[in-house]
Amino acid sequence: MKKLFLFVILFIASINVFSQDQKLNELIEKKFEDLEHRLDILEKGIDDIQWFNRVGDIAFIDKVYIVGPPRANVKNPTAMGAKNPLKFWNYVFIPRNIDRNKKYPLILLPHGGVHANFTTYHTHIIRELITQGYIVAAPEYRGSTGYGKSFYQTIDYGGLEIEDNNAARDYMVENYDFVDKERVGIMGWSHGGLIALMDIFNHPEDYKVCFAGVPVSDLVARMGYHENDYRELFSASYHIGKTVNQNVEEYRKRSPVNQVHKLKTPLLIHTTTNDDDVNVLEVEHLIRALKAEGKKFEYEIFNDAPGGHSFDRIDIKNAKEIRLKIYKFVGEYLTPTNPFKSIKDFEKAGYK
Numbered sequence: 001m002k003k004l005f006l007f008v009i010l011f012i013a014s015i016n017v018f019s020q021d022q023k024l025n026e027l028i029e030k031k032f033e034d035l036e037h038r039l040d041i042l043e044k045g046i047d048d049i050q051w052f053n054r055v056g057d058i059a060f061i062d063k064v065y066i067v068g069p070p071r072a073n074v075k076n077p078t079a080m081g082a083k084n085p086l087k088f089w090n091y092v093f094i095p096r097n098i099d100r101n102k103k104y105p106l107i108l109l110p111h112g113g114v115h116a117n118f119t120t121y122h123t124h125i126i127r128e129l130i131t132q133g134y135i136v137a138a139p140e141y142r143g144s145t146g147y148g149k150s151f152y153q154t155i156d157y158g159g160l161e162i163e164d165n166n167a168a169r170d171y172m173v174e175n176y177d178f179v180d181k182e183r184v185g186i187m188g189w190s191h192g193g194l195i196a197l198m199d200i201f202n203h204p205e206d207y208k209v210c211f212a213g214v215p216v217s218d219l220v221a222r223m224g225y226h227e228n229d230y231r232e233l234f235s236a237s238y239h240i241g242k243t244v245n246q247n248v249e250e251y252r253k254r255s256p257v258n259q260v261h262k263l264k265t266p267l268l269i270h271t272t273t274n275d276d277d278v279n280v281l282e283v284e285h286l287i288r289a290l291k292a293e294g295k296k297f298e299y300e301i302f303n304d305a306p307g308g309h310s311f312d313r314i315d316i317k318n319a320k321e322i323r324l325k326i327y328k329f330v331g332e333y334l335t336p337t338n339p340f341k342s343i344k345d346f347e348k349a350g351y352k
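Reminder that position 258 of the sequence shown reads as 258 in this note's numbering, one-by-one numbering, no gaps.
You can trust all of the hints, since none of them are fake.
Within a straight-line C-alpha distance of at most 25 Å, the following computed DSS-like cross-link-like pairs (lysine-lysine) qualify:
{"id": "1", "residue 1": "Lys296", "residue 2": "Lys264"}
{"id": "2", "residue 1": "Lys149", "residue 2": "Lys75"}
{"id": "3", "residue 1": "Lys348", "residue 2": "Lys328"}
{"id": "4", "residue 1": "Lys75", "residue 2": "Lys87"}
{"id": "5", "residue 1": "Lys328", "residue 2": "Lys344"}
{"id": "6", "residue 1": "Lys328", "residue 2": "Lys103"}
{"id": "7", "residue 1": "Lys295", "residue 2": "Lys253"}
{"id": "8", "residue 1": "Lys348", "residue 2": "Lys103"}
{"id": "9", "residue 1": "Lys296", "residue 2": "Lys262"}
{"id": "10", "residue 1": "Lys264", "residue 2": "Lys253"}
{"id": "11", "residue 1": "Lys325", "residue 2": "Lys296"}
{"id": "12", "residue 1": "Lys325", "residue 2": "Lys344"}
{"id": "13", "residue 1": "Lys87", "residue 2": "Lys181"}
{"id": "14", "residue 1": "Lys264", "residue 2": "Lys325"}
{"id": "15", "residue 1": "Lys63", "residue 2": "Lys103"}
In case anyone wonders, no lab produced these hints; they're calculated from the structure.
Please build the complete structure, drawing on both the sequences and the hints.
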């Protein structure tokens, strides 16, 4: 009896120790998570300074605070301010040599990533667009990193972030007299490609042309071949809140492959067979769906292009040749003042 009593006491004590250890581990994890967000804010501030060093010689650069729709998931929808529009930042790049009495085409350039932000990784693309005479807007839509934990958790992948991007388009048209509202295009790679597609599906009257590079196209398929850590970004309580198995229709609703019937905008799609992020099968699903709907569009599937997921964004000659195809397609509809016509034109942007 005494042994049994002693065993019970030790068992209860071990539970208490385990519980305390668990709480300690949760506290440590939270501290590291908070630190990660603080480091993201620091990194974002440093990168913002870099924009002026890398592009300031040819572009006026601004970062404006604008609004999109209210948050999708609010714990207390009746709380004060719960229905207020969500505030977010939007990068603006304007060529220094423009004549402000004339009209210029606008490119929307949403960044990629489930949680990421618009960084100087895009320097060469911004320089190339500015050199051709485009004004560029790059929204830091809900869920972007570098703005703290609270903003990070406003993520709505394939949902209201689409409307944030379109709000950036509306802001540019409404606030800059030299932006031609009849010449607005959108370009995006990876998740930015998904946003570009969903925006032309939802707002066809707002965009004259679209380029979607290696676009995330089929979230149901994507959840199947990615690892569990990736899936958890979507099923998190502050995001979709359910797995694809628990709510397949929600994931279908957020997938371009299931919205192709809405296409009215001239569209170019690029992908490569060796993409190590957006498997080529996703984009093939998109292409087949568009064909099945009888939609007119252009596409190219590259075979093991150097660079994989980033094959047409890097600085090598092959990538520039592919970007030239993109610029020619987009330029046909937006008619910039100095369109690139050959690979030599890349020198104008500062590349030799």
